[in-house]
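**Q** Chain by chain, the residues:
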Amino acid sequence: MKAVGARLPRYDGIGHVTGRTVYVDDIRIPGSLWVKALRSPSHHAKIVKLDTAPAEAMKGVHAVVTHKDVPLNVYGHLSALGIPGDEPLLAEGEVRYQGQPIAVVAAETEELARAAVEAIVLELDEQPALFDVRKAFDADAPKIHQWGNWYPHFEAEMDRRQIRKGDIDAAFDRADTIVQGVYRPAAIEHVPLETQVCQVVPEPSGRLTIYSCTQALYFSMGVVSAHLQQPLNKFKFVGGTVGGGFGGKVDTATETMCSLLALKSGKPVRWRWTREEEFLCSSTRAPWHMEIADAVTKDGWILGRKMLTLHDAGAYARFSPYGLTKHSFHHTGAYTIPNLEFNGYVVFTNRVPTTAMRGFGVTSVSFATETHMSRVAKVLGIDPFELRLKNANRIGDTSPNGITYTDPSTVPTIQAIADSLGHELPGEYRAMTPARREGALLPEHLVDQLGNPEAH
Amino acid sequence: MSAAPEVLLPSSADEAVSLFGDGADVTVVGGGTIVLPELTYGRLKPTRALLLHRAGLAGISRNGSTVTVGATTSILDLSRERAPVGPCAANIADLEIRSQGTLAGNICAGEGPDAPRGDLQGPLLALGATVRSAGQGGTTTEPLEEFLPKRRSRLLLDVSFEEPAAGAFAALGRPHTHDYTALAVSAVRAADGSIRLAATGVGWWGTRLPSAEAAAGDPEAAGTAALADVTLHDDALASAWYRERTLPVLVRRALAQLEESA
Amino acid sequence: MAIHKGLGFSAIEYPTGMNQNGDPSQAWIKIKPDGRVDVFAGTSDIGNGSKTIQSQIVAETLGVPYDWVTYDNSNTDSSPVCTGTFASRATFVAGMAVKKAAEKVRERVLEIASKELEIDPADLDIVDGEVIAKGSPQKKINVADVAAAATWTYGELLTGTGAQLKEYAAIVDPESGRVDLPPHSAISYAACAAEVEVDDETGEVTVTRLLSCYDVGRAINPTLVEGQIEGGAIQGLGLGVLENCYPYYPSVEHRGGQFGAYLAPGMEDLPQLETLIIENPSSDGPYGAKGIGEMANNPQPPAIASAVYDAVGVWVTELPITPERVLRALAAKAEPRREGKVVAFDDELSINTVGNGPVRFEVAS
Amino acid sequence: MKLTVNGIEREVESAPLTPLLFVLRDELEVESPKAGCQQGGCGACTVLVDGEPRRSCLTPVAAVEGAQITTVEGLGSPESLAPLQQAFTHHYAAQCGFCTTGMIMAAQAYLDHGGTEDREAIQSALAGHVCRCTGYVKIVDAVSAVARGDSFDLTVTAESHDTTNVGGTK
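Chains as they are written, first to last, in the working numbering: chain A, 443 to 898; chain B, 778 to 1039; chain C, 8 to 372; chain D, 252 to 421.
Hints in this document: simulated from the structure, not taken from any laboratory.
Quantities reported herein were computed from a predicted structural model and do not represent experimental measurements.
Just so you know, even glycine gets a beta-carbon here, dropped at the ideal spot from N, CA and C.
Careful, some of the hints might be misleading.
[To be verified] Among chain B residues calculated to face chain D with C-beta under 10 angstroms, some are:
{"#": "1", "residue": "Asp-802"}
{"#": "2", "residue": "Val-806"}
{"#": "3", "residue": "Pro-814"}
{"#": "4", "residue": "Pro-823"}
{"#": "5", "residue": "Ile-874"}
{"#": "6", "residue": "Ser-876"}
{"#": "7", "residue": "Gln-877"}
Only chain A is shown next, with the shape it has when bound in the complex:
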């Protein structure tokens, strides 16, 4: 029997339907302490006083951890990709979003851990906050991040991600019509049914066993290893069975803090976020601000596109520079546009840091560019299927960053939907394939962008 292509049952299906699948929260470790976090009540403030002694003095409280206990408090999760670190594991001196962790405690019961958090003395000096990415560049905007209000560390220390292709001015000069629009998708929650959860056991060998709901065992192990400044063989991550993630569990949200508490207390600890923590303090999908202007001809060719993107990163960079780069690489969508001018900024605001979520960086640009394509079709009075098929990327066309497409399926997927809807396409559109451009489908403005698919 062939295994590939077969409708085989889930490997773990029986476990799921009988309640036997073991998630992190289902693991019972005797003597485990409960973890709770002191989180910032403010969107932006200086920390004037932080006194954990009253919590530490409580009977049944076994450890309190603040930034002072973290060997490397600021670690760039994507430093391998050239993105430096900016986010402290536990706040030091300043808080930049409501819900930011300042201290974590481990106590014998959940209620006691909550009481210990309440016992910590925290005094804040409120600072002006910034929430609107469009005002981040204003001269009078509050300064909210040590790097300024936007990320300044792209290649060659540029403060934005750029794409340039062709001759954008010529395209806009030549256009019959220029269609402009603004697109703003929302921040949304990942809402995995399993909230962030972690258990850490200090082993007699001096190792830590970390039961984790991470989507990325080795990535998260690297993060813990870096913060603790310990080699990888100090850790055993146990996981691989996750109650939903959707990108949010790429954040290593609990493992490092629990490890520090386990080491400090010498006892196993567990931290299961409440749903409210998940809704209010966990990272979200980013809200985006995108402006597009397309230079188009009256017969429906897109000659050029200018685009400005502001990526609302929240308070810290986390994975946002990566997401914006991915976004920029796909800002022409499923179409070939030979002349481009893209500028994108990762903008900091005093909201919860945003992170990866299903479709990271591209969900936003798909919404913007595809809604824009529908608008262009309306403005020009052209059938939206035909506009798309005409500009669809094809074998030999090149992407915004100069990569030649070898097997694009824009044409067949559009045709399949048109067929299924009973949408009549003219003969030449029905007959279209992804094959290399020629004839009427290779107008002069698309000649220079052609590449050689065999080069890949």
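We have chain A already, so just place chains B, C and D on it with the hints.
**A** Using the frame of chain A, we list chains B, C and D on its own:
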């Protein structure tokens, strides 16, 4: 660390009333759907908790045209009643919450963290319902409107109303089942032909719409008039702007339903 | 009151694997003395089915039944590196690692079988757990017997490792964004049509139908592909009309901490879902697969936005398309600014209107 | 106080206001009900109390003293799967699996109360249960199939109700 609360488990209505006393330091637990999360999240730390599930306060009885609903009657049971109570109850949460949540919990709930609670206040206000409750000063009966401001300090025993000649309920569609209804309007034609209207979602508890009632003969005018009866607010579900736009629509739709059911 | 119907459409593409690559996955496989197969990989299963898909790839590559395969991703002591389950990489990138490991093991099985059957390994195949001589299938030996022979006769461990790493694609020119290599493993494509009903008095939008077509490369397991597409469609519906952490964005006021305020799609929001699957194999994915997990929530929001326009003639370009936004758009009856050959929508949302800093959106001509 | 959990009488020592969810999970180590939200919003903790579906996170244990509690462990085991468990497997109605046990218990109550294969009725009965993975189609397929009396081949999975796989290799 707080001591575990004293748990009171009355097995009759009289015992419940006696244990409730003047209500000081008593947290009433009906179905648990509102109180339990508050306990779990550590926001509510009761010293005494009064559990009503065995107090014999559930049930719907009819005496002529008078309907009396016991405090712990489930919302699911109410969903089988005629409009406006039935459709309003059926619109609350999902099947499991409806079967667990109670009339009294719905009416007496405090403000929700994100939006108003107490969807059933609307239809019961429109019906001119009266509330029998216990607490300081003994057992009293009063109109729901007068009870609502003190609902957090008394033990609701039952609610009574006259069967209407016709009833209607119009609500904004809930995007999904976990959501509270952002705005709803209940309409009643009483046996004497008079029309009464009430809304929920226009403030932190239900509100009668007297100006709209006065104009009920002209649904368009009634819708506009309703705006004079309410104070609109922003919350997680909808803005005051949106409520201002849609309250007249719902008043009109409720009156149209009432007309159709006549 | 009137309910208006509308139809909208979108077409999208999406890359497989981490942007700019550089994301390794590794696997190792060993065979037990009765031929059963232990796979060790570090790919978390977040519901996407990576345990299933990778087991299927191993079964196919080795030529053994699916239920011979045990898959262990449970810990970092026994499992080698996997960058993780994200970027639509669990099938394509991590799947390639287990495939390569299985190919190595297959070679080892054939070597031992060759000694037992006295036939050149090149003339052998493995089908349904049996090593058979090509062209003369009566000459065969069960993989269980091969494994036993390896263990007890030859003193060998049947094992193999595999790793997949696509070279990091550097941005060689930060001015233009040019890269020196394709910055992805494959690109997948999809198109989507949405049908909606809009109440022009309350602004409520109901998505009644989502029809989508995906080029999945190769469906390793068609049921799992459907599951990804259906789950993605409902998340896309949520993005389009329901979900929002900040109901008054950019303000942070009234952010809700409960399911009652955060509108994750529920079962009653389910529209008619129809899915069309095209299999246009990728050149270098396992068995031609591409990764479509993430893109499955990308085409619905623009299709829904266009459908709302089709229904009531207003463009709502802030997501989600809430009843309030629809009513505000209907009340504003905004026409685009027309200036020369420029047709400009949404001026009121532009940084040029709201901000006063140096970053502007300049559209010359 | 006493509870009967999956047919076995259990003595409970938790405080009376403890949510049934944590009595089951932490005291009795019956772990199929999941702590998805602890605010009644997700349905991952639903169990049957005397045959009725209840959010165990909203139920103080004192309110169900003496009751018969059924969780998914009480429906069937890997060796002997209940029809709904077979259907969820065959129809691929579980992806991450975290909502699955609560979903199955609500579906069991729906069927026990005479629920039919009607898709809208199923959606209405299970409306309070959030699943973030599946898009619900295959869950409705599974419940509908049991109501119809289907039998299930567990060696393969089924196509979705609403899915048309028209495309072959082009």
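**Q** Run every hint past the structure and note whether it holds.
**A** Each hint, compared with the structure:
1. For Asp-802 of chain B, the interface hint is violated, since its Cβ never comes within 10 angstroms of a Cβ in chain D; the closest pair sits about 15 angstroms apart.
2. A least Cβ separation of about 6 angstroms between Val-806 of chain B and chain D falls short of the 10 angstroms threshold, and the interface hint therefore holds.
3. Because the closest C-beta pair between Pro-814 of chain B and chain D is about 4 angstroms apart, less than 10 angstroms, the hint holds.
4. Taking 10 angstroms as the C-beta cut-off, the interface hint given for Pro-823 of chain B holds, the closest approach to chain D being about 8 angstroms.
5. For the restraint placing Ile-874 of chain B at the interface with chain D, the shortest Cβ-Cβ distance is roughly 6 angstroms, inside the 10 angstroms limit, so the hint holds.
6. With a cut of 10 angstroms, the hint placing Ser-876 of chain B at the interface with chain D holds, because the nearest CB-to-CB distance is about 6 angstroms.
7. A cut of 10 angstroms between beta carbons decides the hint on Gln-877 of chain B: the least distance to chain D is about 6 angstroms, and the hint holds.
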